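Colleague: Start from chain A and add chain B according to the hints.
Residue numbers (the numbering used here), protein chains in the order written: chain A, 2 to 204; chain B, 2 to 204.
Warning: the hint list may mix true and false statements.
Put simply, identical chains are the same to the list, so a pair is met inside one copy or across any two.
[Unchecked claim] EDC-like cross-link-like pairs, simulated, lysine to aspartate or glutamate; straight-line CA separation at most 16 angstroms:
#1 K62 <-> E124
#2 K62 <-> D146
#3 K151 <-> E173
#4 K151 <-> D182
#5 K151 <-> E197
#6 K62 <-> E37
#7 K151 <-> E75
#8 K62 <-> D185
Please keep in mind that the hints were generated in silico from the structure rather than gathered at the bench.
Fair warning: this is a prediction, and the values are worked out from it, not measured in the lab.
Spelled out from the first residue to the last, the chains are:
There are 2 protein chains.
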Amino acid sequence: MSSPDTKRTGRRPGATDTREQIAAAARSLFAEVGYERASFRRIAAAAGVDPALVVHFYGSKEDLFREVMATPQEYAVGLDRLADGPRETIGRRLAELLVGGLELPDPRTIVLGRIRAAASHPEAAALVRETITRDLHRLAAAVSDDQPEKRAVFVGTQFVGLAVARYIVRVEPLASMNVSDVIDVVAPTFQHYLTEPLTPPAP
Amino acid sequence: MSSPDTKRTGRRPGATDTREQIAAAARSLFAEVGYERASFRRIAAAAGVDPALVVHFYGSKEDLFREVMATPQEYAVGLDRLADGPRETIGRRLAELLVGGLELPDPRTIVLGRIRAAASHPEAAALVRETITRDLHRLAAAVSDDQPEKRAVFVGTQFVGLAVARYIVRVEPLASMNVSDVIDVVAPTFQHYLTEPLTPPAP
Numbered sequence: 002m003s004s005p006d007t008k009r010t011g012r013r014p015g016a017t018d019t020r021e022q023i024a025a026a027a028r029s030l031f032a033e034v035g036y037e038r039a040s041f042r043r044i045a046a047a048a049g050v051d052p053a054l055v056v057h058f059y060g061s062k063e064d065l066f067r068e069v070m071a072t073p074q075e076y077a078v079g080l081d082r083l084a085d086g087p088r089e090t091i092g093r094r095l096a097e098l099l100v101g102g103l104e105l106p107d108p109r110t111i112v113l114g115r116i117r118a119a120a121s122h123p124e125a126a127a128l129v130r131e132t133i134t135r136d137l138h139r140l141a142a143a144v145s146d147d148q149p150e151k152r153a154v155f156v157g158t159q160f161v162g163l164a165v166a167r168y169i170v171r172v173e174p175l176a177s178m179n180v181s182d183v184i185d186v187v188a189p190t191f192q193h194y195l196t197e198p199l200t201p202p203a204p
Numbered sequence: 002m003s004s005p006d007t008k009r010t011g012r013r014p015g016a017t018d019t020r021e022q023i024a025a026a027a028r029s030l031f032a033e034v035g036y037e038r039a040s041f042r043r044i045a046a047a048a049g050v051d052p053a054l055v056v057h058f059y060g061s062k063e064d065l066f067r068e069v070m071a072t073p074q075e076y077a078v079g080l081d082r083l084a085d086g087p088r089e090t091i092g093r094r095l096a097e098l099l100v101g102g103l104e105l106p107d108p109r110t111i112v113l114g115r116i117r118a119a120a121s122h123p124e125a126a127a128l129v130r131e132t133i134t135r136d137l138h139r140l141a142a143a144v145s146d147d148q149p150e151k152r153a154v155f156v157g158t159q160f161v162g163l164a165v166a167r168y169i170v171r172v173e174p175l176a177s178m179n180v181s182d183v184i185d186v187v188a189p190t191f192q193h194y195l196t197e198p199l200t201p202p203a204p
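Next comes chain A alone, as it looks inside the complex:
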């Protein structure tokens, strides 16, 4: 198995390259065919390595999924930084981060892969649950003392529904909208979920 990268980088392909090659292949397959059908054999074939290497690096499929579908570090950091800005624009800034992020190939692959996997496989659903909760809950808790868990989850519902409709089901006119127009529409929703009362005022 030759690596085209050796020439470019001038170093021999090492364990890190192979590991990342497997991760990229796994990420794409989870997103395209779902958790169940992304077998070690298929992932290995897509990465151009022996299936035994996938097992060697990642152990179980659950561990592999958990690692390659984790929220990218820059997003986790970006989410945490949002809380430092003004509270009255938190909805818009969160929409820019989340909706804007979906325009980038890697984060989009991860988000859609998580959703497809969760829709078809209870084990993957548990992993999705963990990450969604953890990522958004820190932000919600930094913004509001009132029921931050609920706030985080409702932001998550709007985000997941948007990703499904725009990139999986491809509903028009949403699928063709500019990202800035999508941000305009959902920013007030995120603002509502993060900062406004969750129950209507008594009549």
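Modeller: Below, chain B without anything else, positioned relative to chain A:
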């Protein structure tokens, strides 16, 4: 094959019973295992009939899916009636209809079946696109002249995300919330999407 219904209803099992039996089995299987894995053979086995009968009644799997996963008539009618009420409570009344509907086994099976199928199968995604667009677009157009297609789709995104998070991924605290509390949280979102400006006021 004996039908336990003959005794109860006092009539012989006819084509209508068999057809409905197949529809119910197909609906459950689409929701549980997705579009692709719900084969005619499996559907026939679950309905206790010969696979040839499924073909006889429904022709193609696409037609079967389209028919058994259609919006129940009472919902289509309910949606149309919403537009007759006061515009300032349309979000809440829509939330009551949609979120309340998900608590009932049949509508829930249909909604989750559509989502699972759309997540795994492009053909099913097209069918979901059609129905979502048609059902909600009539309502949005009755409520607002300004970009009703966009409004309908954004209502759809929040509804789909809610169904995924509450019933498929089962994220807490959402999964255990009372339906009336869920309605309280999403009603302002539906109101925003249906009646408020979709772009922020110029600064």
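Colleague: Give a verdict on every hint.
Modeller: How the hints compare with the structure:
1. When the C-alpha separation of K62 and E124 is checked against a cutoff of 16 angstroms, the pair qualifies only within one copy, where the shortest distance is 10 angstroms, while the shortest distance between copies is 28 angstroms.
2. Taking the shortest alpha-carbon separations for K62 and D146, neither the intra-copy value of 37 angstroms nor the inter-copy value of 50 angstroms comes in at or below 16 angstroms.
3. For a Cα distance limit of 16 angstroms, the shortest separation of K151 from E173 across copies, 8 angstroms, qualifies, whereas the shortest one inside one copy, 30 angstroms, does not.
4. Taking identical chains as interchangeable, the C-alpha atoms of K151 and D182 lie at most 16 angstroms apart only when they sit on different chains, with a minimum of 11 angstroms there against 26 angstroms within one chain.
5. Proximity of K151 and E197 under a CA criterion of 16 angstroms is satisfied intra-copy only: 12 angstroms inside one chain copy versus 24 angstroms between copies.
6. Proximity of K62 to E37 under the C-alpha cut-off of 16 angstroms is restricted to the intra-copy arrangement: shortest distance 10 angstroms within a copy versus 22 angstroms between copies.
7. Taking identical chains as interchangeable, the C-alpha atoms of K151 and E75 are never at most 16 angstroms apart, the minima being 24 angstroms within one chain and 31 angstroms between chains.
8. When the C-alpha separation of K62 and D185 is checked against a cutoff of 16 angstroms, the pair qualifies neither within a copy, at 39 angstroms, nor between copies, at 39 angstroms.
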